[in-house]
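Let's have the full structure, built from the sequences with the hints guiding it.
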Amino acid sequence: MIRMIGTRLASSSLTIFILVTMVFFMVHLTPGGPAYSILGQKATATSVAELNAKLGLDQNIFKQYAIWWWHLAHGQLGYSYLLNRPVGQLIVQYLCNTLVFYSVSIVISTVLSILIGLVQGVYFNRWPARLIGAFQLGFYALPAFFVAAMLVLWFSVDRPWFPASGIVNLRELHPSLADYAIHLVLPVTTITLLTISALSRYFGEAVHEELGKDYVRTARAKGVSFPAILFGHVLRNALRPLVTILGLSFPYIFTGGVIVESVFNYPGLGWFMWRSALGQDYPVLIAIVLLIGVLTIIGNLLADLVNGLLDPRASYE
Amino acid sequence: MNSATTSAPLRGGAGALARFLGWIQPRGTLTAGLAITFVILFMGFVAPFLYHVDPYAIHPDHALQPPSWAFPLGTDELGRDELALLLSGGLATLVVALPAAVLGFVLGVAYGLLSGLAPAWVDKLLMRLLDAVLALPSLIILIFFASLVTLNNTSLILLLGFISWPGLARLVRNETIAQRGRDFVLAAEQLGASRFYVARVHLIRSMAPVLVVNGTFMVGDSVFALSALSFLGLGVQPPQVSWGSLLQDALDIIALDPWWLIIPPGLLVFGSLIAASLTGQGLLQRWGNSR
Numbered sequence: 001m002i003r004m005i006g007t008r009l010a011s012s013s014l015t016i017f018i019l020v021t022m023v024f025f026m027v028h029l030t031p032g033g034p035a036y037s038i039l040g041q042k043a044t045a046t047s048v049a050e051l052n053a054k055l056g057l058d059q060n061i062f063k064q065y066a067i068w069w070w071h072l073a074h075g076q077l078g079y080s081y082l083l084n085r086p087v088g089q090l091i092v093q094y095l096c097n098t099l100v101f102y103s104v105s106i107v108i109s110t111v112l113s114i115l116i117g118l119v120q121g122v123y124f125n126r127w128p129a130r131l132i133g134a135f136q137l138g139f140y141a142l143p144a145f146f147v148a149a150m151l152v153l154w155f156s157v158d159r160p161w162f163p164a165s166g167i168v169n170l171r172e173l174h175p176s177l178a179d180y181a182i183h184l185v186l187p188v189t190t191i192t193l194l195t196i197s198a199l200s201r202y203f204g205e206a207v208h209e210e211l212g213k214d215y216v217r218t219a220r221a222k223g224v225s226f227p228a229i230l231f232g233h234v235l236r237n238a239l240r241p242l243v244t245i246l247g248l249s250f251p252y253i254f255t256g257g258v259i260v261e262s263v264f265n266y267p268g269l270g271w272f273m274w275r276s277a278l279g280q281d282y283p284v285l286i287a288i289v290l291l292i293g294v295l296t297i298i299g300n301l302l303a304d305l306v307n308g309l310l311d312p313r314a315s316y317e
Numbered sequence: 001m002n003s004a005t006t007s008a009p010l011r012g013g014a015g016a017l018a019r020f021l022g023w024i025q026p027r028g029t030l031t032a033g034l035a036i037t038f039v040i041l042f043m044g045f046v047a048p049f050l051y052h053v054d055p056y057a058i059h060p061d062h063a064l065q066p067p068s069w070a071f072p073l074g075t076d077e078l079g080r081d082e083l084a085l086l087l088s089g090g091l092a093t094l095v096v097a098l099p100a101a102v103l104g105f106v107l108g109v110a111y112g113l114l115s116g117l118a119p120a121w122v123d124k125l126l127m128r129l130l131d132a133v134l135a136l137p138s139l140i141i142l143i144f145f146a147s148l149v150t151l152n153n154t155s156l157i158l159l160l161g162f163i164s165w166p167g168l169a170r171l172v173r174n175e176t177i178a179q180r181g182r183d184f185v186l187a188a189e190q191l192g193a194s195r196f197y198v199a200r201v202h203l204i205r206s207m208a209p210v211l212v213v214n215g216t217f218m219v220g221d222s223v224f225a226l227s228a229l230s231f232l233g234l235g236v237q238p239p240q241v242s243w244g245s246l247l248q249d250a251l252d253i254i255a256l257d258p259w260w261l262i263i264p265p266g267l268l269v270f271g272s273l274i275a276a277s278l279t280g281q282g283l284l285q286r287w288g289n290s291r
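If you're matching them up, the sequences are chains U and H in order.
Going by our numbering, the first sequence wraps up at 317, each residue one higher than the last.
Going by our numbering, the second sequence wraps up at 291, each residue one higher than the last.
No farther apart than 25 Å at their CA atoms in a straight line, the calculated lysine to any residue pairs in the SDA-like style are these:
hint, chain 1, residue 1, chain 2, residue 2
1, H, Lys-124, U, Met-4
2, H, Lys-124, U, Phe-24
3, H, Lys-124, U, Val-294
4, U, Lys-213, U, Leu-235
5, U, Lys-213, U, Val-306
6, H, Lys-124, U, Thr-7
7, H, Lys-124, U, Ile-297
8, U, Lys-54, U, Tyr-65
Just so you have them, the derived chain U footprint on chain H, three or more residues with Cβ under 8 Å:
hint, segment
9, 14-21
10, 119-131
11, 146-160
12, 230-237
13, 247-253
14, 269-275
It is worth saying that the hints were derived from the structure and are not from the lab.
Cβ atoms here follow ideal geometry from the backbone N, Cα and C, with glycine treated the same way.
Take a look at the structure:
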């Protein structure tokens with residue numbers, strides 16, 4: 001088990017190292033460079049040279065690269081060009097919002113997917129499963145920005161039930177927890193609708209597959225009731241692929257998050273990345289890319305660990 | 001657990017969507033796919049020249065009107081004809097997305113063949129590089145690089161093309177390695193054929209169905225990715241409109257309930273992805289049956 005984690009960490013670190021290196025050199029070899037994007041229309045040859053000297057951008061690129069890793073090793077991610085604050089501090093602030101948003105979304109989607117998947121697995125190839133299948137197909141293909149826009153149209157504009165943007169009502173001096181919650185409804189619904197289609201489908205497949213196995217037949221022959229088999233044995237076994245998919249899909253949820261957060265102006269990491277990309281704030285962008293890489297690896301590792309707990313055989317594979 | 005579930009993404013492109021289609025197995029998949037593809041290509045490349053309305057002409061007296069006889073799909077906040085904007089935006093989307101898919105296709109096939117035919121250590125190195133590119137979701141990489149370059153049609157084609165190849169490259173590499181040991185390849189090599197000749201004549205032909213199907217998926221993904229980028233303001237640049245940017249524009253004035261500005265571009269992006277995966281899945285079914 002520990003050896004497996006070690007191997008995985010080593011190979012993932014190499015992947016991240018290559019990724020960060022590519023990202024660093026791509027940023028610094030583009031024409032213009034950061035100085036132009038900070039100064040914008042005020043850029044003159046002198047001011048660019050001055051700023052380059054100040055930011056250390058006039059040095060040898062390999063030296064800059066070494067300095068960047070040296071700072072990274074000391075936990076310094078640099079300063080945001082646009083907001084002039086430490087990148088690490090900014091990212092923690094936005095990451096907290098994102099984590100709230102995703103944990104709520106993932107819990108709701110997982111619970112709903114398990115319920116839908118159970119129905120689909122039990123009624124496999126009969127009309128309830130086919131009906132669910134058609135919905136899953138539709139939502140799987142719908143673009144995130146379209147689903148989000150339709151939800152705003154229906155539940156915020158046509159019926160003023162939920163707020164369409166922000167994380168909290170800005171007019172409130174001390175916003176209540178309920179205020180935070182109601183701002184989460186539409187973004188969370190969007191992510192849930194988008195992730196639930198695939199998640200419930202895979203889980204339904206797994207339930208169907210498990211139901212056809214020998215141990216189910218044996219249990220039935222011994223007179224165990226169907227609900228007892230379903231919830232006592234099949235559910236637990238079918239959860240394994242679900243956990244793997246959840247772990248592997250972490251970055252994809254984040255991708256949907258960029259779009260959804262931008263639609264709802266939800267100040268999470270995806271929204272922050274979007275704003276930084278529009279403002280060409282490279283230190284922030286590099287840090288976010290690095291963070292997503294690390295989170296991806298953690299997601300994969302967590303999936304393996306949880307699978308090991310669900311089925312001890314898996315950790316020996 | 002089979003490998004299909006481990007590699008299945010929660011949100012995937014046209015290829016993953018096709019797996020869903022495979023599960024419900026609707027009839028007439030290929031016909032439906034080709035029909036929607038035809039409609040979208042017609043809208044993009046022919047209709048703009050048949051519908052003689054200037055998409056950029058403003059009619060301030062008719063701003064934000066729902067669909068009517070004068071304006072079949074209504075008008076935006078400047079009174080511009082939404083149908084004309086959609087057609088113009090379709091052309092703008094397709095002239096970037098189609099070449100980008102072709103570029104990604106060529107890169108993917110070349111990289112995959114190279115990796116599959118090269119010595120083992122080169123193969124390992126190339127695959128590790130591929131892992132690095134695949135470690136992050138493509139939209140994140142796209143947003144990142146889109147912020148670095150000056151955005152125009154050429155840079156967008158290059159950007160989308162250079163991001164979309166890894167999936168196909170891995171597939172081609174695996175196919176190449178699987179095919180390399182087969183008799184017809186060994187026979188050709190014994191007869192003195194060069195590696196390049198074997199790749200060109202035998203390998204590409206034997207994996208042609210795989211290539212066509214996945215190329216189809218890549219077109220759908222390319223339209224989808226470009227629309228997402230344009231939606232974020234990092235794709236096709238104004239004043240030129242595109243499906244993604246039309247949706248973003250509508251979102252700015254969503255409080256005024258402009259449903260006619262939101263549903264058509266959304267459905268067109270959805271339709272492109274569905275068309276690609278229906279066509280690809282239809283081809284898969286057809287070739288799978290004839291074998």
